[in-house]
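Chemist: Sequence:
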Amino acid sequence: MAVIRRGVAEIISEEELEKKLASARENGRPLKIKLGLDPTAPDIHLGHTVVLQKMRQFQELGHHLIIIIGDFTARIGDPSGKVETRRQLGEEEVLANALTYKEQIFKILDPGKTEMVFNSSWLAPLTFADVIRLAAHYTVARMLEREDFNKRFKSNLPISIHEFFYPLMQGYDSIALGADVELGGTDQRFNLLMGRTLQSSYGQDPQVAITMPILEGLDGVQKMSKSLGNYIGITEAPGEMFGKLMSIPDELILRYLELVTPVSAEDLSALAAGLKDGSIHPRNAKMRLAREVVSQFHTAGAAEKAEAEFIKVFQERELPADIPEFTVPPEAINGGVVYLPRLLVAAGLVPSTSEARRLIGQGGVRVNEEKIVDPNAAISPAPGTIIRIGRRKFARLV
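Take 1 as the starting number for the sequence shown in the working numbering and just add one per residue.
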């Protein structure tokens, strides 16, 4: 149980889980461990991998993993934590996202020991009579106990009827599979408990619900999210991934190590003790974290190379070995100089001149290591000019 408890927010209930584990050992039947993922975006970030790490631990203990790709539920979109109705996705968009999810999930899980299913295979064939029967097992009053629905109701914000069906459908997934355990983030607690309720109503043993913490983003304040820009994508280049991990607040080092790496409990305890008594510098602990994460999603060799490059650029203040090169379009040159925001766009460092102006004004842009703070600045486009944004983005003019 120590492995299963690691990093967990809540087990509902631990006593039931212990009984299920004991029964599995006695009968030689691995437990069915369920995780549902809605492919509402094309890529997975590090925050999504917290539950995948726990799934891998169950896999290593010999249990049967079932990943549900919510191609049907994704068309509604999970209303958890939302203050407005989510945009409904088209079938083609959902399926395209699902393909990339599959590739990325197997960076963590063993594909040979993981069953992957699409919930449209059992949700799509349901008749309207089936849906009415399903809905009869839950009340609107209980739906409104859910925090996000309750807030919207009290604020006179609309709640679409189809949103009430999302947790019912997720719960029905557990019935269709006969799940023994379901994992999810703490924001999924209501949906996981719905599975328990419905399984009991349909004559099945209720699943154990295990919730995992929501990973904080690079800012250390808000949850990791693409929309907030504080995320690490698991398909990012090794150097970018390494640099981002080195930028996290010191207080997140142990949390990241526990939740998103396979570092042993013994190593984690030793690192915690070293950070506390000062025998381990936070920078070195971050290096360990960055190596672990990059090795997991790329290779150990890529992690070593990223670490060497990080030390070279950020500790020894040298330039990266591979700086992207670019040329200036002739029409951008006016009187022998180039408007700096336009130069940043030409270099591929920013998507727009407005974003370039914002970064320049914030002091985030350097030309040949000279900080430029005037958004209207223009420079001579001399070959060999090095442009840097922040700590990790470089470009060389040729």
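None of these hints come from the bench; they were simulated from the model.
Each hint should be verified, as a subset may be incorrect.
[As the list claims (entries may be wrong)] Label-pair ranges, simulated between beta-carbon atoms:
id, residue 1, residue 2, range
1, SER13, ILE323, 34 to 44 angstroms
2, LYS19, ILE323, 25 to 35 angstroms
3, PRO158, ARG391, 42 to 52 angstroms
4, ARG358, VAL131, 46 to 56 angstroms
5, ILE333, ALA237, 25 to 35 angstroms
6, GLY220, ASP374, 13 to 23 angstroms
7, LEU61, ALA9, 35 to 45 angstroms
8, GLU91, ALA9, 28 to 38 angstroms
9, GLU10, SER225, 21 to 31 angstroms
10, PRO351, PRO262, 29 to 39 angstroms
11, ARG391, LEU61, 38 to 48 angstroms
12, LEU61, GLN222, 53 to 63 angstroms
13, PRO381, PHE106, 41 to 51 angstroms
[Unchecked claim] Derived BS3-like pairs (lysine-lysine); straight-line CA-CA distance at most 25 angstroms:
id, residue 1, residue 2
14, LYS286, LYS276
15, LYS371, LYS393
16, LYS107, LYS223
Using N, Cα and C, we set each Cβ at its ideal position, and we do this for glycine too.
Chemist: Take the hints in turn and mark each one as holding or not.
Modeler: Hints and how they fare:
1. SER13 x ILE323: 34 to 44 angstroms: violated (56 angstroms)
2. LYS19 x ILE323: 25 to 35 angstroms: violated (59 angstroms)
3. PRO158 x ARG391: 42 to 52 angstroms: holds (44 angstroms)
4. ARG358 x VAL131: 46 to 56 angstroms: holds (49 angstroms)
5. ILE333 x ALA237: 25 to 35 angstroms: Distance hint for ILE333, ALA237 holds at roughly 31 angstroms.
6. GLY220 x ASP374: 13 to 23 angstroms: violated (32 angstroms)
7. LEU61 x ALA9: 35 to 45 angstroms: Check failed, 20 angstroms falls outside 35 to 45 angstroms.
8. GLU91 x ALA9: 28 to 38 angstroms: holds (34 angstroms)
9. GLU10 x SER225: 21 to 31 angstroms: holds (22 angstroms)
10. PRO351 x PRO262: 29 to 39 angstroms: Because 36 angstroms falls inside the window, the suggested range holds.
11. ARG391 x LEU61: 38 to 48 angstroms: holds (41 angstroms)
12. LEU61 x GLN222: 53 to 63 angstroms: The hinted range 53 to 63 angstroms is violated for LEU61 and GLN222, with Cβ atoms some 33 angstroms apart.
13. PRO381 x PHE106: 41 to 51 angstroms: holds (45 angstroms)
14. LYS286 x LYS276: holds (14 angstroms)
15. LYS371 x LYS393: holds (14 angstroms)
16. LYS107 x LYS223: holds (22 angstroms)
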